[in-house]
Amino acid sequence: MSVGIRIDPILCRGHAICALFFADGVDLDQWGFGKVVLATAESPKDVRRAYRAAAACPNGAFVVHER
Amino acid sequence: MTTLPWLTAPGSAVAPAPEADVLLGLSGFGGAVPADPRIGGVGDPGTLVLAGPPVGAGGGGLDGHLATWGALPCVDGAGVRTLLRASALDGRGGGGFPLIRKVETARLAAGSPVLVVNASESEPASFKDRTLCAERPHLVLDGAALVAAALGVDEAVVHLHRSPGSPAPVLEAAIGERQRRGLADPRWRLSAGPDRYVSGESSAVASYVDGGQARPLFTTLPLAVAGPSGRPTVVSNAETVAQLAVLVRTGPDAWAARGEPSSPGPRLVTLTGAVGHPGRVVEVSGQATIGDILLAGGHVAPPAAVLVGGYAGAWILGEEAWQTPFTRDALAAVDAGLGCGLIGVLPHGACALVETARLVRYLAGESAGQCGTCVAGLPRLAEACEALASGDLRKRGVRRMVALGDIVLGSGACGHPDAVVRLLRSMLQVFEDDVVGHMAGHPCRGADHPPVFAVPEVDVAIGRDDLREWV
Numbered sequence: 005m006s007v008g009i010r011i012d013p014i015l016c017r018g019h020a021i022c023a024l025f026f027a028d029g030v031d032l033d034q035w036g037f038g039k040v041v042l043a044t045a046e047s048p049k050d051v052r053r054a055y056r057a058a059a060a061c062p063n064g065a066f067v068v069h070e071r
Numbered sequence: 045m046t047t048l049p050w051l052t053a054p055g056s057a058v059a060p061a062p063e064a065d066v067l068l069g070l071s072g073f074g075g076a077v078p079a080d081p082r083i084g085g086v087g088d089p090g091t092l093v094l095a096g097p098p099v100g101a102g103g104g105g106l107d108g109h110l111a112t113w114g115a116l117p118c119v120d121g122a123g124v125r126t127l128l129r130a131s132a133l134d135g136r137g138g139g140g141f142p143l144i145r146k147v148e149t150a151r152l153a154a155g156s157p158v159l160v161v162n163a164s165e166s167e168p169a170s171f172k173d174r175t176l177c178a179e180r181p182h183l184v185l186d187g188a189a190l191v192a193a194a195l196g197v198d199e200a201v202v203h204l205h206r207s208p209g210s211p212a213p214v215l216e217a218a219i220g221e222r223q224r225r226g227l228a229d230p231r232w233r234l235s236a237g238p239d240r241y242v243s244g245e246s247s248a249v250a251s252y253v254d255g256g257q258a259r260p261l262f263t264t265l266p267l268a269v270a271g272p273s274g275r276p277t278v279v280s281n282a283e284t285v286a287q288l289a290v291l292v293r294t295g296p297d298a299w300a301a302r303g304e305p306s307s308p309g310p311r312l313v314t315l316t317g318a319v320g321h322p323g324r325v326v327e328v329s330g331q332a333t334i335g336d337i338l339l340a341g342g343h344v345a346p347p348a349a350v351l352v353g354g355y356a357g358a359w360i361l362g363e364e365a366w367q368t369p370f371t372r373d374a375l376a377a378v379d380a381g382l383g384c385g386l387i388g389v390l391p392h393g394a395c396a397l398v399e400t401a402r403l404v405r406y407l408a409g410e411s412a413g414q415c416g417t418c419v420a421g422l423p424r425l426a427e428a429c430e431a432l433a434s435g436d437l438r439k440r441g442v443r444r445m446v447a448l449g450d451i452v453l454g455s456g457a458c459g460h461p462d463a464v465v466r467l468l469r470s471m472l473q474v475f476e477d478d479v480v481g482h483m484a485g486h487p488c489r490g491a492d493h494p495p496v497f498a499v500p501e502v503d504v505a506i507g508r509d510d511l512r513e514w515v
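Protein chains in written order, with this note's numbering: chain A, 5 to 71; chain B, 45 to 515.
Quick caveat, the hints were computed from the structure, so don't treat them as lab data. Treat the numbers as computed from the prediction; the structure is a model and nothing was measured. Fair warning: there could be bad hints in the mix.
Stated by the list, open to error - If you want a taste of the chain A side facing chain B, the calculated C-beta under 7 Å gives, among others:
1. Asp12
2. Pro13
3. Ile14
4. Gly18
5. Asp33
6. Trp35
7. Phe37
8. Lys39
Said to hold, decoys possible - Pair by pair, the computed Cβ-Cβ distance ranges are:
9. Ala60(A) x Pro494(B): 50 to 58 Å
10. Gly459(B) x Pro48(A): 30 to 38 Å
11. Asp31(A) x Arg438(B): 22 to 30 Å
12. Ala20(A) x Pro487(B): 41 to 49 Å
Yeah, the Cβ is synthetic: ideal placement off N, Cα and C, and Gly gets one too.
With the hints as constraints, model all of the structure from the sequences given.
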């Protein structure tokens, strides 16, 4: 099952923890604010990583939604 | 529902004759300027939306409005939607989104739609919506009533900024007049929000009207599907709805014929910068070029360059702009857009880099302070642009500025940071020779030129968002 990934740029405070869990899915800028590069996670591995990143985000900015 | 002639027989439309006794013309700019029938201000002959009494007359109240336009034809919701489809009326706030698509999306979405007419006009140099609300308030309210019918709702919110010279009193008086006459209107609600640049963005308007802060929202669904209240929310620009009130009377074909397929109908344009009267609003019909429009602003020859679409718009060199029709397609071909209909004139002798630097600094200070990359990135872009303008940036610095722009682009909840990046890119592309000259440290001929594009005084120096009002 593929999932959609979004980072709410208003909630994101640049902790960059999402990148620890899902390095291939996000791109960090020089301040640590994340930009989604993989708008949908297809493989079970990526889906798992996306959910972990979402769970780890201290601001709830990393959002995974089922499609 | 009264069947209007043009609804059944397209092409038979008859435009109402503008007041024959009003001949304000364009003589205010000297006899050398030939009057172009395609371009005119409030009350000028040949205008459609701005037809009626000349500027300052306040539109003559409801009686003046009815004398110019007659009563609002009785059209039901389906009829209005047919009109919106037939005319392809595009949004005039900056996005250019067809109104029919917002209306149809909202009708399909769950919940009773919210209608907001956005008359806040955040663009500091744009005056078209203010002019429209102050001079033709009943046209805006007629249009809002029509959109309310199209959506099947019985309330319409008109949103303004709290600013000196706000047309709120005129709208309030106009609403009072309509209520006393017992017009079949929706319930009106006037909303007045903080006077900030990004507060006029549609999600910020929707948020404020719903009781939140006037700051842009991060939305995963279009507002027309679900606004901040959860209800579908249609935010439409004041000129857009006024155009609807015009085309319901003239018929969609006659109205659309005043534009061209990519940008149907007449449109309101604000002239700013080095023009006779900055802030002058003209109505442009037909395929007028930017040169034709500037003739109405007192220019007889191409200026150095023009800034098109807004302060966060795009530059076009004067010679090229002079020949470019003010239409969506023609502007897209030169990497520009209609935006909110602003045309800013950069005179010969002024420096586009200096002007851009001031605009970028202003826009950086107008960030809502929400998204990290916008908060951190825009001031750095402003610094880099200022350094470039003052000849303190070399090739590597410009490369860094471009790279930072690439990072900032698409990073925000709203389009504010993107617009700043596009303005910078436009400057780098259009004024490539000037950029090279500045990088080489050549003295800038425009360094001592007085500022061309005025920006409001903002507390940029404070830079602390918690000291600024959002409610």
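Outcome of the hint check:
no.	hint	result
1	Asp12	holds, 5 Å
2	Pro13	holds, 4 Å
3	Ile14	holds, 4 Å
4	Gly18	holds, 5 Å
5	Asp33	holds, 5 Å
6	Trp35	holds, 5 Å
7	Phe37	holds, 4 Å
8	Lys39	holds, 6 Å
9	Ala60(A) x Pro494(B): 50 to 58 Å	holds, 54 Å
10	Gly459(B) x Pro48(A): 30 to 38 Å	holds, 35 Å
11	Asp31(A) x Arg438(B): 22 to 30 Å	holds, 28 Å
12	Ala20(A) x Pro487(B): 41 to 49 Å	holds, 44 Å
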